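J.: Protein chains in written order, with my numbering: chain X, 1 to 541; chain H, 1 to 410.
Since the hints were made in silico from the structure, they are not lab data.
Computed from a predicted structure; not experimentally measured.
Just so you know, even glycine gets a beta-carbon here, dropped at the ideal spot from N, CA and C.
Worth double-checking, as some hints may not be accurate.
[As the list claims (entries may be wrong)] Computed beta-carbon distance windows for the label pairs:
(1) H:D110 - X:I56: 55 to 65 Å
(2) X:I56 - H:D132: 48 to 58 Å
(3) H:K76 - X:V22: 46 to 56 Å
(4) X:I56 - H:D293: 40 to 50 Å
(5) X:Q51 - H:D280: 39 to 49 Å
(6) H:E43 - X:V22: 49 to 59 Å
(7) X:I20 - H:D293: 36 to 46 Å
(8) H:K253 - X:Q51: 27 to 37 Å
(9) H:K76 - X:I20: 54 to 64 Å
(10) H:D132 - X:V22: 31 to 41 Å
[Stated by the list, open to error] Going by beta-carbon spacing under 7 Å, a handful of chain H positions derived as facing chain X:
(11) P25
(12) T26
(13) S55
(14) S94
[Stated by the list, open to error] Some residues of chain X that are not near chain H, with every Cβ distance over 12 Å (derived):
(15) R45
(16) G60
(17) K327
(18) E355
(19) T391
(20) R428
(21) M450
(22) R509
(23) K517
Here is what each chain is made of, one letter per residue.
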Amino acid sequence: MPKFNLRIFKMYLMDHWIKITVTLTTIILIILSIWGLASLESFYRHLTLAQMPISILLAGLNAGIFVFMYMIFLRGGFTRIRETTIKGENVNVHWDDVIGIDEAKEEAWEVVQLIKDRTRLSKIGGKILRGLLMVGPPGCGKTYLAKAIATEAGIPFISMSGSEFTEIFVGVGAARVRKLFKKARTLAYGYGACIVFIDELDAIGRQRSFSFFGGGQETNSTQNQLLVEMDGLKEKDYNVIVIGATNAVEGVLDPALLRPGRFDRKIYIDRPSIEGREKLFQYYLNKVKYDKSIDIGRLARKAVYKTPAEIENIVKEAALIATRNKKDLVTFKEISEAMERIDMGLKHKRQMTKEEREMVAFHETGHLVVMYILHPTDDVFKASIISRKETLGAVYSQPREEFYTHNKERLLADIKVKLGGYVAEKIRFNTTSDGVMADFNGAMWLAHNMVWKVGMSDAGFVGDYTAIPESQLSESIKEKLNMETDKIIKTCLKEVEDLLRNEWTIVERFAKELLEKEELEYDEIEQIFKEYGKSHYSKPA
Amino acid sequence: MNTSPTMRMLMTVYILAMLSACNTPTYPKGRVEESVIKLCKEEYGLDVKVKIIGSTLGVFIPIKGLIDPDLKLNQKAGEKIEDVALSIHRVVTSTDMPLKFYTLVARDIDMPSGEFVLTGFIYDVIRVRLLDISRDEYFKRILRDFKFNPVVSGEQKIRTIFEALNKNSDEVQHIKYAFYPLFFISKELTQKIEVVDIDYKEISEQEVLFYVKTKEFYEPLPQFEAYRAIFPPGFLNEYLILTNISMFPNQIKEIIGKYFYSGNEIRQRDLKQVFDNYHDIGYIGIDGLPKKDLQSDWFLSQQLSRRIKLVFEENKKLKGHFRVDFCRGSFENKTFNFEFFISPDISSDRTDIDIYSNILKLIGTVLHRYSFEDFDAVNLINTYDGKRVFVTKDALENFRRGKIKITDII
Chain X
1 MPKFNLRIFK MYLMDHWIKI TVTLTTIILI ILSIWGLASL ESFYRHLTLA
51 QMPISILLAG LNAGIFVFMY MIFLRGGFTR IRETTIKGEN VNVHWDDVIG
101 IDEAKEEAWE VVQLIKDRTR LSKIGGKILR GLLMVGPPGC GKTYLAKAIA
151 TEAGIPFISM SGSEFTEIFV GVGAARVRKL FKKARTLAYG YGACIVFIDE
201 LDAIGRQRSF SFFGGGQETN STQNQLLVEM DGLKEKDYNV IVIGATNAVE
251 GVLDPALLRP GRFDRKIYID RPSIEGREKL FQYYLNKVKY DKSIDIGRLA
301 RKAVYKTPAE IENIVKEAAL IATRNKKDLV TFKEISEAME RIDMGLKHKR
351 QMTKEEREMV AFHETGHLVV MYILHPTDDV FKASIISRKE TLGAVYSQPR
401 EEFYTHNKER LLADIKVKLG GYVAEKIRFN TTSDGVMADF NGAMWLAHNM
451 VWKVGMSDAG FVGDYTAIPE SQLSESIKEK LNMETDKIIK TCLKEVEDLL
501 RNEWTIVERF AKELLEKEEL EYDEIEQIFK EYGKSHYSKP A
Chain H
1 MNTSPTMRML MTVYILAMLS ACNTPTYPKG RVEESVIKLC KEEYGLDVKV
51 KIIGSTLGVF IPIKGLIDPD LKLNQKAGEK IEDVALSIHR VVTSTDMPLK
101 FYTLVARDID MPSGEFVLTG FIYDVIRVRL LDISRDEYFK RILRDFKFNP
151 VVSGEQKIRT IFEALNKNSD EVQHIKYAFY PLFFISKELT QKIEVVDIDY
201 KEISEQEVLF YVKTKEFYEP LPQFEAYRAI FPPGFLNEYL ILTNISMFPN
251 QIKEIIGKYF YSGNEIRQRD LKQVFDNYHD IGYIGIDGLP KKDLQSDWFL
301 SQQLSRRIKL VFEENKKLKG HFRVDFCRGS FENKTFNFEF FISPDISSDR
351 TDIDIYSNIL KLIGTVLHRY SFEDFDAVNL INTYDGKRVF VTKDALENFR
401 RGKIKITDII
């Protein structure tokens, strides 16, 4: 006979005190009820018992009404999760619908195969895929790709946003994670596998923090639960694959999430390349009536850095503009307008004095001419003196192709372009306006970083001086570095001033055109420069 | 399905609790009388007598000072009656004995003919406790009588008379020769009458017919010595005595002896047969306990007769427009008979139509609520103008449902 162990008994009590208390209380209440009933005369006993079913029913109804009211008015249901469950075949996003992110697709296809061949994989002892992390900027098709995976694999798909787990109450998020996985396991049991898609994973996947004040405990406990659910001790291994999506850089996420056995496969989904953008434009344009003469390649070039979501938005906006303009087809003009509207916002006319308008026109012309003639990578595609958002005018540019780095020439060109407005104002009016504030700020920031951070000064200061605590930097070094910054600005300023004085005829022409037309399109700008025999900056041989 | 042991245990206890409903009643059949006596004694310190006839439970309680000098029910006595009624209600609602009616009789110890009688239908008690009927409706369904009992009063008077006869008191000089042959053939002050048995029948609300058996002793007058052969001392005699309580205190209305002298010979009547021919309308005995099992038809006829009177006294639309002297109800040959005196006020514009429509509406509704179907017709007689209205069961139901009008009936 096993010996009674007081310590184990106490441990059992500590572990199960809630269950024991509830059970004992229920038993006592039942005994008291029976005792009470037995002490009643049979008429009242029968009456009480006869009322019990309706009492239970009414109590249930009462509770139902309370819960309903609570949910409606107090947005209760702490642990209620609003995940959407869809069967794989009903997700309705097919593999061919995912375009513009071919590399990511290739990697994802492998994942699909792994999900499909799980049994075979298990047999040969291969590693079973548990999690897939999709990282990339917003709107690049992470959710879309996840849905396509679900469709191709033909399994149920539960979608939730990471922010839906977070609550002010500690433990609620963890409870939601438990519920989510419980449901996923049930679906996996029924359909063979299940995909849990957690969008904005960084909301719960950030590196755990520990605070004496208890801050961040909710996120920590939610994440801990997620870790346990993904790779914890479970009775049975269910085929639940977690796909997380985030636009946070990898360092933001907790390392425990990224270790093998959890999100052990990562797919980087970046903005589409020029070919990708072409395919995307083609795909979305096929969904509307469009002018077949549109040069889709030109559109793709114009939409540098645009994400698939943005391209879809551009085409939809263009269709709306075409409808508003009572046109049957979407033409290049509508698409162009849609891009501007999305990028620059809606136009709104401000009442300005003649002098102010002139000042703005010359300012913008300064930017325009400097950019066209001096910038090695960017094209001007529009100049405007119509107010948009906070600006009174603008020169819109974009790189001719994707660049992921900036070289010294490009940075200097950026500074020169920013100084162009100031110089033009000064030459024309012999005075300047506060419209240069943002330009100067940008130019100074670039010059400062060139010197302090990336070793682009001529004086040979190489290294990131911001990495050194400021107190440990000598005043002389600081002074020298700042002198270098100043030197870059002054050199650029001189160069710009020389350029504009030399090309003042062109400047005046553009200013005149802008004052007349208010906006100049790429083609018009190109035309005017051609009139003066000017062409884009070309790299010196 | 996997159920945790705790859950299984709780479910078992719950089912056991549910099964506890299938236990024996608190006051089982066979212990009903005992239970009422015990409850009254233990909880209220009251001594009661209980008797069950068929499905009728009768309870009697003698109370000192039941009636106040102003002939009203004493308040404390009323509280005792309530206590006994509550005990009855507790027992009849928690027993498996199929009881239908109960009677509660409270009599004044000092004035035994003064009594308070409560008669009720047990299902009404259950319904009012389940709030299925209102308390007001419940009180209308109870028969409550606070009266002088003609039987008790008559019996007392008869015994007094016989005592007076034995003493040859002055008060009986005018009636003593009705007791033939004793006072014709015997010597003065030798007569002695022993009452052997008294039976009685209430033949109307006020009249009681007593059947009295006596044993009579005497010394014959010399000329009637020969009568010893026929009426030896201690011979058995019989009398029928009719009393009417409205004639109180001299309520003896008629005395008929068994023997009478006619055609030069002594003849005798079969008084037992005569007595048996009368119908007893009373249901409470001299002992305050029920004489017979009450029936639904009788109960409904009595309840309705009281409610008809109430309608004309309490209904705001009728009050003041009619004078109601009495209303009597009975049930014979599957017909409810209601005899009443209801006269319209001279200044009122109300007519017969108001009288009969209200009465029939009430009767139809009450019988419907009791789901009483075992009758053929309702017979109404207004003694004010002698008008009779006979309504069949179907016509009554159609009138209740509004399918026919009162003018189609009367």
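J.: The structure should be examined with respect to each hint, and the outcome stated for every one.
T.: Checked hints:
{"no.": "1", "hint": "H:D110 - X:I56: 55 to 65 Å", "in the structure": "57 Å, holds"}
{"no.": "2", "hint": "X:I56 - H:D132: 48 to 58 Å", "in the structure": "22 Å, violated"}
{"no.": "3", "hint": "H:K76 - X:V22: 46 to 56 Å", "in the structure": "53 Å, holds"}
{"no.": "4", "hint": "X:I56 - H:D293: 40 to 50 Å", "in the structure": "42 Å, holds"}
{"no.": "5", "hint": "X:Q51 - H:D280: 39 to 49 Å", "in the structure": "45 Å, holds"}
{"no.": "6", "hint": "H:E43 - X:V22: 49 to 59 Å", "in the structure": "40 Å, violated"}
{"no.": "7", "hint": "X:I20 - H:D293: 36 to 46 Å", "in the structure": "60 Å, violated"}
{"no.": "8", "hint": "H:K253 - X:Q51: 27 to 37 Å", "in the structure": "58 Å, violated"}
{"no.": "9", "hint": "H:K76 - X:I20: 54 to 64 Å", "in the structure": "57 Å, holds"}
{"no.": "10", "hint": "H:D132 - X:V22: 31 to 41 Å", "in the structure": "39 Å, holds"}
{"no.": "11", "hint": "P25", "in the structure": "4 Å, holds"}
{"no.": "12", "hint": "T26", "in the structure": "4 Å, holds"}
{"no.": "13", "hint": "S55", "in the structure": "18 Å, violated"}
{"no.": "14", "hint": "S94", "in the structure": "4 Å, holds"}
{"no.": "15", "hint": "R45", "in the structure": "7 Å, violated"}
{"no.": "16", "hint": "G60", "in the structure": "15 Å, holds"}
{"no.": "17", "hint": "K327", "in the structure": "65 Å, holds"}
{"no.": "18", "hint": "E355", "in the structure": "85 Å, holds"}
{"no.": "19", "hint": "T391", "in the structure": "68 Å, holds"}
{"no.": "20", "hint": "R428", "in the structure": "87 Å, holds"}
{"no.": "21", "hint": "M450", "in the structure": "70 Å, holds"}
{"no.": "22", "hint": "R509", "in the structure": "86 Å, holds"}
{"no.": "23", "hint": "K517", "in the structure": "79 Å, holds"}
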